[in-house]
Amino acid sequence: MKFGFIEKIKTEYRASKKETLLIWVIMLAVSVSIGLSCIMVNSQQIERSLMKNIDIKLEADGGHIFDCKYSGDMPTRQRLLSDDRGKQLFCSFYRDLVEFSKHDGIVDYGYSLGTDQSVLTRNNGELTNTNTMHRLLGVPSANYQTSEEIEIIDGRFFTEEEIRNNALKIVVDEALKVDGEKINVGDTITVTIASLPRYYEGEAIIYRYYTAEAEVVGIYKHVSVFDYSFGRQDAFLNNHCILIPEGVMEDAILDQELLDYNAVFINNIWFKLENFERYYDCNYDFYKMISTNSAKVFTITGGGRNITLGRHEEENPSQLKVRQNDYGVTMRSVDKTSNFYFIIFAVGTVTSVVLMAVLMTFILNKKIREINIYYSLGQDKRGIIWRYAGYYCAVGLTASVIGFALAYGLSQILFAQLVRSSANVQAELVQLANIKNGMVVNELELLGMKGSELLLSATLSIAGVLIIVFATVLISLLNILHGNMRDKLNGG
Amino acid sequence: MALLEIRNLNYSYKDGDGKRVIFDNAEAEFDSGLFYAILGESGSGKTTFLSVIAGQDNRYEGEVIFNGKEIKSIGLDKYRRTAVSMIYQNYNLINNYSAVENIAVAMDISENVKGLDKGKIMSVLEELGIDEKKANRKASSLSGGEQQRVAIARSILTDSPIIVADEPTGNLDSKNGQEVIEIFKKLAREMNKCVIMVTHNDKLAEDCDFIYRIDEQAKKIVR
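Those protein sequences? They're chains L and V, same order as listed. Numbering-wise (the working numbering), the first sequence opens with residue 1458 and increments by one. Numbering-wise (the working numbering), the second sequence opens with residue 83 and increments by one.
What the hints contain is simulated information worked out from the structure, not anything from laboratory work. This one's a predicted model, so the numbers in the text were calculated from it and none came from an experiment. Any given hint could be a false lead.
[As the list claims (entries may be wrong)] With a cut-off of at most 30 Å between alpha-carbon atoms, the simulated DSS-like pairs for lysine-lysine come out as follows:
#1 L:K1475 x V:K220
#2 L:K1474 x V:K215
#3 V:K285 x V:K257
#4 V:K215 x V:K202
#5 V:K160 x V:K215
#6 L:K1823 x V:K285
#7 V:K215 x L:K1823
Sequences and hints are given; from them, build the entire structure.
What follows is the structure, encoded as structure tokens:
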């Protein structure tokens, strides 16, 4: 006959079924709360899942998959252009900001991505510090100032009217200098969009294809944000950014790209326009231009590989659908809801942990007689602690594993509920769907978690329960075992 | 050399502003194969003495020597696991465990026993009048006499050379009480155990090989 660990657990369970079940239920509640907190706190998962849903919707519509990539703590979005049915353009903005990466420097051996330059001049003279990466970022809405990424420390942000009218105003980073001097509100800056050197017969030529004088209306301070995956890092706007109303950027880029390449390059994807001559030298709104001209648009693979001047290699062309969207607002409402859930779960966790600790302490105090018997049989204090800790941790382990599984299931339901309750998301899905309304919600994909994220959440949840159980047992028993045992052996 | 020797035992504790002395240089010796009684009035220090020799109380001065070694140097936990087994007036069984489980727990803790033999447990219990059905019931559902027999079986099966009993017949009727005394005698004489029984009952003590009396005035143990 063996009396190993399993046998001891079985014996103890047989002897104290009711108490064990009660404790187990409360441990389950603790585990579900901790599990939900770990899962739902990661809003990136929610965002990723939502975006994936929209991807699927686009695919279901017969269009190319809307490719949404994460870049640090911020996804970069793609632009899609209308099809021949003249639908509205789709622009997705994360926190109401769209980035235009102006790629140039096309050389005959290929090029690398991600470099764009603007040459700044101030009143007179040219700035030559073009070795730093400056970004001109097009802002589509005055709402951006409410994001967490910038703090206006002098002057103001754009007004909606200025953005609508493509006013030549800019907001710059406090660290930006021109000719070694800080920029002030009221300064006029000449903004130039220029290319990297292009080589023709060995000679480097730089194209400056957009120049305008813009007034500095505000100075911002960039902040760092906490990213769940990468920790604290600079927010998307770093200290080389110049914000400008979006419409100004579009006109500038479109003209030149159309001229040069018969296509536009936006966010790492080239979009080729058929009948591009219609758009040449257009000075009006890009969206309107495309949407009213029934362009047929194809994508060419992103990355810029093997693209030479004046010639494009088409790879994987596909038809695209477009629609308009204010994704930033959607994500903010989703964030708010998931934060609310997190608070609920956190409170639930604390409450159930306290309840569990109190109940376990009560149960262990009732076992003083039993503890004394072990002591009189020769079990030392450490052995007594491990005996009970082992038992309750085994109980806790089963509760926490099942609890986490329950938490995962609940998180799926909550996610679906979150999406259903978000009018913005619903509106987006319905617009996208072009299918039977009401079917949209049913086709929602589950809250997706990466395997590593799921494993981390599960580990935290299970470990959290076990640590709490062990700590409670330890503290209770140390209290009971404190002092001379003989005094407690009340005749046994 | 005796199996268990008590030398210069001094035991006292704070009593309000003063100090109450229980033992003052008390001495005693115990050997294997003998059945001892410790007699004394209530409050004379019988239970204190038992607690000291059972390794449950270390607030004494002097020496308690087991097989030539001071029990504090052996380690009181180890001493309790290997050398001594206690039987209490109220049996001290884990109520929700069965008789077999109570014994199994004790054997598991004891360092004298390698492995558990359920057959042996049942055999000892049968000898003591506990059949298989009763052996698998919860200890709390057994009668007082049966519980005390289970406690005795526990002591036998942990194979401790010293068995210390604190008023073992206190909660039993005279028939059961007498049967317990007979078992103790057998343990001492046939199994070569050193059985030390604390009692205030002179009549029960008559069955013992040696009687120690606690002299409350002199704070000593007198044979």
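Hints, verified against the model:
The suggested pairing of K1475 of chain L with K220 of chain V holds, with an alpha-carbon distance near 16 Å, which does not exceed 30 Å. A hinted pair counts as satisfied when its Cα atoms are at most 30 Å apart, and K1474 of chain L with K215 of chain V qualifies at roughly 22 Å. Restraint check for K285 of chain V and K257 of chain V: the C-alpha separation of about 14 Å stays at or below 30 Å, so the hint holds. Between K215 of chain V and K202 of chain V the CA atoms are separated by roughly 16 Å; this keeps the pair inside 30 Å, and the hint holds.
Taking the CA atoms of K160 of chain V and K215 of chain V, the gap is about 34 Å. The hint is violated against a cut of 30 Å. At roughly 38 Å between alpha-carbon atoms, K1823 of chain L and K285 of chain V are farther apart than 30 Å, so this suggested pair is violated. Taking the CA atoms of K215 of chain V and K1823 of chain L, the gap is about 28 Å. The hint holds against a cut of 30 Å.
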